[in-house]
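Note that the protein sequences, when read in sequence, are chains H and E.
Residue 70 in my numbering sits at position 70 of the first sequence, with consecutive numbering throughout.
Residue 18 in my numbering sits at position 18 of the second sequence, with consecutive numbering throughout.
Please keep in mind that the hints were generated in silico from the structure rather than gathered at the bench.
Just so you know, nobody snuck in bad clues.
FRET-style restraints, in silico, Cβ to Cβ:
id : chain 1 : residue 1 : chain 2 : residue 2 : range
1  : H       : Gln44     : E       : Gly98     : 17 to 27 Å
2  : E       : Pro71     : H       : Ala1      : 28 to 38 Å
3  : H       : Gln14     : E       : Thr17     : 43 to 53 Å
4  : E       : Pro108    : H       : Pro9      : 23 to 33 Å
5  : E       : Gly98     : H       : Ser30     : 16 to 26 Å
6  : H       : Ala1      : E       : Pro67     : 20 to 30 Å
Residues from chain H shown here face chain E by an in silico Cβ test under 8 Å; the list is partial:
id : residue
7  : Phe35
8  : Arg43
9  : Gln44
10 : Met45
11 : Arg50
12 : Tyr99
13 : Gln100
14 : Gly104
15 : Ala105
Predicted model, so just to flag it, every value in this text is computed and none were measured.
Positions of the beta carbon are idealized from the N, C-alpha and C atoms, including for glycine.
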Amino acid sequence: AQTVTQSQPEMSVQEAETVTLSCTYDTSESDYYLFWYKQPPSRQMILVIRQEAYKQQNATENRFSVNFQKAAKSFSLKISDSQLGDAAMYFCAFMDSNYQLIWGAGTKLIIKP
Amino acid sequence: SAVISQKPSRDICQRGTSLTIQCQVDSQVTMMFWYRQQPGQSLTLIATANQGSEATYESGFVIDKFPISRPNLTFSTLTVSNMSPEDSSIYLCSVSRGGVGNEQFFGPGTRLTVL
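Chain H extracted, bound-state conformation (with noise of 0.2 Å):
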């Protein structure tokens, strides 16, 4: 079975430092997809960024970048120059081939003015 382990249940980083989030899954697949959702106080959870397995290019969306090491079967999540609307859960899911969401224990993310 697939299971996916964020081993820090809390980080803090000053505003516009860079920060990064760790992730690691275990799977006997070889093609699958990875995510990082942000689920900010107010609750509503929403993609971050997504990386296909089989793209050996690393997934990047504006501050937001991965490191994907899939021998090492790791995803962290880069956040450069936080800001105060960064402050957030963040959860990394491995999406499986019944195309359901395997979730880690999320990391909370505080940002320090």
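Position chain E against the provided structure of chain H, taking the given hints into account.
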């Protein structure tokens, strides 16, 4: 993208009663999911609801406790039956257009408190 609304946004219910949560999407979608989330914790999938077929429940969740309807491609309901305080949680609806790698879009959630 997809815009999803949920009703009610929150409710306080008495033990032993039932509550039906509605999920409405602004466009037709293939797959709808129902999750439960304790504040500050991860999501737990309750069931997958596909139009025209019975919902598929995850381990630990049964139809008698969480009946689901999916009458069309834009609407679904989740009922929490015979509630107990342990059912207090946030219930989230999400949708996907299906297909490998397609993201799930989430509703704002329903915060349920059972007294």
